[in-house]
Each structure stands twice: as structure tokens, then as C-alpha cells.
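K.L.:
Heads up: the sequence shown begins at 6 in this note's numbering, then just goes up one per residue.
For the record, the hints were derived by calculation from the structure and aren't laboratory data. Possibly wrong hints are sitting among the right ones.
As the list claims (entries may be wrong) - EDC-like cross-link-like pairs, simulated, lysine to aspartate or glutamate; straight-line CA separation at most 20 Å:
#  : residue 1 : residue 2
1  : K49       : E59
2  : K406      : D43
3  : K406      : E59
4  : K46       : E63
5  : K78       : D103
6  : K151      : D84
7  : K76       : E125
8  : K209      : E147
9  : K110      : D98
10 : K406      : D360
11 : K405      : D382
12 : K78       : E125
13 : K354      : D111
14 : K78       : E117
15 : K165      : E59
16 : K294      : E59
17 : K405      : D360
18 : K39       : E50
19 : K67       : D395
20 : K151      : E59
21 : K385      : D395
22 : K146      : E38
23 : K405      : E117
24 : K352      : D285
25 : K216      : E262
26 : K294      : E349
27 : K41       : E147
28 : K39       : D382
29 : K216      : D163
30 : K76       : E113
Claimed, not checked - Across the chosen pairs, the derived CB separations fall in these ranges:
#  : residue 1 : residue 2 : range
31 : I243      : N210      : 41 to 47 Å
32 : K146      : P69       : 16 to 22 Å
33 : E63       : P348      : 47 to 53 Å
34 : K83       : E63       : 36 to 42 Å
35 : K379      : P290      : 24 to 30 Å
36 : K146      : K110      : 22 to 28 Å
37 : K78       : K217      : 31 to 37 Å
38 : P106      : E63       : 53 to 59 Å
39 : K216      : L57       : 39 to 45 Å
40 : N128      : K354      : 23 to 29 Å
Treat the numbers as computed from the prediction; the structure is a model and nothing was measured. In this text, a Cβ means the ideal position worked out from N, Cα and C, and glycines have one as well.
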Amino acid sequence: MSIKRIFTICTLCLCWRIISAVPLGPFNTTLLEKLKSDYQKGDKEVILYIKLQEKMAEKYIKMPPLSVTAKKKLPPSKDPRDYMTLSPYWWPDSTKADGLPYIRKDGERNPEVYEYPERENANRFGDAVYCLGILYYITGKEAYAKACANHLRTWFTDSKLGMNPNMIYAQSVPGMKNMRGSGFIDSRRFIRALGVAKLIEGSKNWTDSDKKKLDEWATAFCYWMENSTQGQRESHAINNHVLWYEAIHLMVLAYLERTDRIREVAEKNILPNIGTQIADDGSLPQEIKRTLSLHYSTFALEALMEANQITNQLGLNLWSAPATNGKVASQAIDYLYPYYLNPESWKFKQIESFDQSRAAILLYEAGTALGNQKYIDTAKLIGLKYKTSDVATIPYLILKKK
Numbered sequence: 006m007s008i009k010r011i012f013t014i015c016t017l018c019l020c021w022r023i024i025s026a027v028p029l030g031p032f033n034t035t036l037l038e039k040l041k042s043d044y045q046k047g048d049k050e051v052i053l054y055i056k057l058q059e060k061m062a063e064k065y066i067k068m069p070p071l072s073v074t075a076k077k078k079l080p081p082s083k084d085p086r087d088y089m090t091l092s093p094y095w096w097p098d099s100t101k102a103d104g105l106p107y108i109r110k111d112g113e114r115n116p117e118v119y120e121y122p123e124r125e126n127a128n129r130f131g132d133a134v135y136c137l138g139i140l141y142y143i144t145g146k147e148a149y150a151k152a153c154a155n156h157l158r159t160w161f162t163d164s165k166l167g168m169n170p171n172m173i174y175a176q177s178v179p180g181m182k183n184m185r186g187s188g189f190i191d192s193r194r195f196i197r198a199l200g201v202a203k204l205i206e207g208s209k210n211w212t213d214s215d216k217k218k219l220d221e222w223a224t225a226f227c228y229w230m231e232n233s234t235q236g237q238r239e240s241h242a243i244n245n246h247v248l249w250y251e252a253i254h255l256m257v258l259a260y261l262e263r264t265d266r267i268r269e270v271a272e273k274n275i276l277p278n279i280g281t282q283i284a285d286d287g288s289l290p291q292e293i294k295r296t297l298s299l300h301y302s303t304f305a306l307e308a309l310m311e312a313n314q315i316t317n318q319l320g321l322n323l324w325s326a327p328a329t330n331g332k333v334a335s336q337a338i339d340y341l342y343p344y345y346l347n348p349e350s351w352k353f354k355q356i357e358s359f360d361q362s363r364a365a366i367l368l369y370e371a372g373t374a375l376g377n378q379k380y381i382d383t384a385k386l387i388g389l390k391y392k393t394s395d396v397a398t399i400p401y402l403i404l405k406k407k
């Protein structure tokens with residue numbers, strides 16, 4: 006064997022070790038691994054930054070584990086373990102004595118949604134697990150793994166408190182008789198926790214039994230989403246919902262380590278949907294007709310971003326891979342770029358102010374995936390608040406502004 010060939014093989018093995026250091030899941034593996042490496046090397050800025058995150062984690066360690074059973078109202082099944090929420094933009098019909106069926110007011114959130122605590126609890130659970138799991142992965146401190154494991158068990162696998170692996174009653178609409186699939190998107194609030202569970206698998210606080218039970222939950226959830234009527238309807242949506250359906254799908258498949266299926270879903274489902282949703286000018290017609298059009302255009306691409314964090318680890322770049330009609334996701338980010346710099350110039354309806362920090366992360370992710378330095382520089386220019394409480398931004402120290 007030639008020296009050159011040996012060197013090539015050794016280089017590929019080294020690259021694979023670097024790439025695979027972070028378990029397959031919805032993470033920017035490069036940024037996460039750099040944080041861990043710099044922390045272990047004693048980088049002063051990183052040490053200070055992680056200490057700030059550890060202060061935030063204290064509340065998640067003290068916070069009682071959350072459960073879907075903490076309900077004020079039971080779903081039609083009468084089973085408190087079934088996840089249930091109301092669809093946010095539906096309101097009582099003022100022309101009807103009983104207000105039924107509810108009618109849609111796009112972009113206007115009905116305060117009744119907060120009477121169903123799963124929505125907010127799913128967010129809090131997702132934040133807690135993500136923060137604790139990331140900190141354990143970076144610091145190796147068992148206190149974080151222990152608290153993370155307690156949250157995971159209670160939400161998913163506890164025999165009395167754990168969630169049933171379905172989304173049958175998610176985003177229900179009072180008075181509507183037709184079964185809807187759109188509530189499935191709620192699962193994005195907690196499903197990333199499966200990937201986080203991978204980060205604590207080396208801990209003594211996450212046992213083989215814990216992993217087996219979560220494997221069983223994820224397998225059942227995957228079967229439900231692929232085979233239920235609601236899951237099938239969501240998989241045929243024509244807007245951001247189908248992109249989020251498939252992003253969530255990939256998160257579950259990544260946890261189950263079904264890499265062959267991940268590539269199949271990406272190539273046969275995600276890329277064709279990207280192709281049909283992007284107009285010739287790069288806009289997303291299904292999103293720009295919304296009352297929060299810049300928000301939803303960004304939201305659609307955030308699903309693609311999270312999906313790409315998984316497929317990219319397998320060598321498939323969703324930002325540059327062409328759909329069957331020749332469209333590429335980079336066209337959409339090209340279209341949005343000037344408006345991310347100046348959201349006030351957005352020419353479509355946006356009834357609430359737009360959070361530019363979301364643009365910063367999206368531009369950074371797209372920029373690194375596409376090798377587009379302009380996007381990366383703009384992401385750093387927009388930046389993120391250094392002490393932001395949004396735990397999803399933890400890996401993005403590179404974008405933080407003090």
C-alpha cells in the first residue's frame with residue numbers, strides 16, 4: 006500500500022472521528038465540538054460563556070419535571086397522557102350562539118391556547134433538556150445529566166406520567182369535525198430532546214433501561230407519524246408544515262440510527278417539497294400570503310436548516326442539492342437576504358416585528374453549508390444578544406454580542 010494511500014485513509018478516518026464525535030442529531034456538530042474542545046482547553050471566553058449558561062441551567066435543575074398529564078381539560082379520549090393543544094389562530098364564531106365551529110384569524114393568537122398547558126410545558130421541557138444535555142456534553146458534569154435524565158423519563162417514558170406516542174389531539178379546533186394533520190408540528194417543541202438523549206448516553210445517570218424505553222417510545226412515535234391518517238395528511242401539506250413534518254421525521258430517525266431511511270426521506274420527500282415550494286424568484290408563495298409572511302418564510306427555512314444538520318452529517322447538503330425541477334434551497338435564502346438586513350423593507354404583510362436573531366442563525370447555517378462568506382459575515386453583523394435566554398442559541402457563541 007502506497008504512503009499516499011495510507012495518508013488518505015488516515016485523513017478520512019480522522020475526519021470521520023471529528024464529524025462523528027457528536028452523535029447523529031439536530032446539532033451544528035462543528036460549533037458544538039468547538040465549544041467542547043475550547044472549554045477543555047481552558048479558553049477564557051468560552052469558560053465565561055459556559056458559566057453564564059450554567060447559571061441559567063440552575064433553574065432547570067430545580068424545576069420539577071414536566072408531564073403532559075398536568076392538564077386542566079381532558080382530550081376526547083379521556084386519557085391525560087394524550088398530548089392536547091388548541092390551534093392558535095382559531096377563534097369562536099361571534100355569529101353563532103355557541104361559537105362553533107371556530108373560525109380562523111391568521112396571525113392572531115387566541116388566548117384560549119394557554120388553557121392547555123402542553124404547549125408551554127413542551128417548550129419549557131425542550132429548553133430544559135437541551136440546556137442540560139448540551140452542558141453535560143461540554144463539561145462532563147453529572148449533575149446536568151442527572152437532571153436531564155429526570156426530565157426525559159417524566160415526559161416520555163414514565164408509566165403514569167409519560168406521553169403517549171401520538172399527536173392525535175394536537176392543535177384541535179373546537180367544533181371542527183374533520184381530522185386535521187397540522188397539529189403534528191407541535192412536536193417540534195419536544196422532539197429534539199431525543200437527540201439530546203444521545204448526548205447523555207455516556208452518563209451513569211442514563212441507563213441501558215432508560216435507553217431501551219426511549220427507543221421503544223421513539224419507534225412507536227415513528228410508526229404513528231408514518232402510518233396514521235393525520236401523519237399522512239401532514240406529509241402531503243404544501244407549506245412549511247410538510248418541511249417541519251420531515252425535519253421532525255429525520256430527528257426521530259436519527260435517534261433510531263436509521264441512516265438509510267434518513268437519506269431516503271431527504272431525497273424522496275424533502276428535496277421535491279423544496280422544489281415545489283420555491284418560486285422562480287426564490288420566494289415562498291405559501292408563506293408570503295400569510296399575515297406574518299417574513300416570519301413564516303423564515304420558519305419554513307428553519308425546518309430545512311434543522312433537517313440539514315442531520316443530513317449533512319451523512320454527506321447530503323440540502324441547501325445546495327437540486328430538486329427534480331432544478332430548484333435549490335439557496336434560492337430562497339438569496340431572496341430573503343436583503344430583508345434580513347433591513348426587515349422594514351419587507352414588501353408583504355408582517356403584522357408583528359421580526360426577530361432578526363433568527364435571521365442571524367439561518368444565514369450562518371446557510372452560509373457555512375454553501376461556502377458563502379457574505380452570509381456568514383452578515384450573520385455576525387446582525388448577531389445575538391450575549392445573555393439571551395433562548396437555549397437553542399447556546400452553540401452559536403460565534404454570533405454572540407456582549
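K.L.:
Does each hint fit the structure? Answer for all of them.
P.N.:
The hints, checked one at a time:
no. : hint                    : in the structure
1   : K49 x E59               : holds (15 Å)
2   : K406 x D43              : holds (18 Å)
3   : K406 x E59              : holds (18 Å)
4   : K46 x E63               : violated (24 Å)
5   : K78 x D103              : holds (18 Å)
6   : K151 x D84              : violated (29 Å)
7   : K76 x E125              : holds (12 Å)
8   : K209 x E147             : holds (8 Å)
9   : K110 x D98              : holds (11 Å)
10  : K406 x D360             : holds (15 Å)
11  : K405 x D382             : holds (13 Å)
12  : K78 x E125              : holds (15 Å)
13  : K354 x D111             : holds (11 Å)
14  : K78 x E117              : holds (12 Å)
15  : K165 x E59              : violated (31 Å)
16  : K294 x E59              : violated (41 Å)
17  : K405 x D360             : holds (15 Å)
18  : K39 x E50               : holds (13 Å)
19  : K67 x D395              : holds (18 Å)
20  : K151 x E59              : holds (14 Å)
21  : K385 x D395             : holds (17 Å)
22  : K146 x E38              : holds (16 Å)
23  : K405 x E117             : violated (35 Å)
24  : K352 x D285             : holds (17 Å)
25  : K216 x E262             : holds (13 Å)
26  : K294 x E349             : holds (17 Å)
27  : K41 x E147              : holds (15 Å)
28  : K39 x D382              : holds (19 Å)
29  : K216 x D163             : holds (13 Å)
30  : K76 x E113              : violated (24 Å)
31  : I243 x N210: 41 to 47 Å : holds (44 Å)
32  : K146 x P69: 16 to 22 Å  : holds (21 Å)
33  : E63 x P348: 47 to 53 Å  : violated (34 Å)
34  : K83 x E63: 36 to 42 Å   : holds (38 Å)
35  : K379 x P290: 24 to 30 Å : holds (26 Å)
36  : K146 x K110: 22 to 28 Å : violated (47 Å)
37  : K78 x K217: 31 to 37 Å  : holds (33 Å)
38  : P106 x E63: 53 to 59 Å  : violated (45 Å)
39  : K216 x L57: 39 to 45 Å  : violated (31 Å)
40  : N128 x K354: 23 to 29 Å : holds (26 Å)
Checked against the numbered hints given earlier, this structure breaks hints 4, 6, 15, 16, 23, 30, 33, 36, 38, 39; the rest are met.
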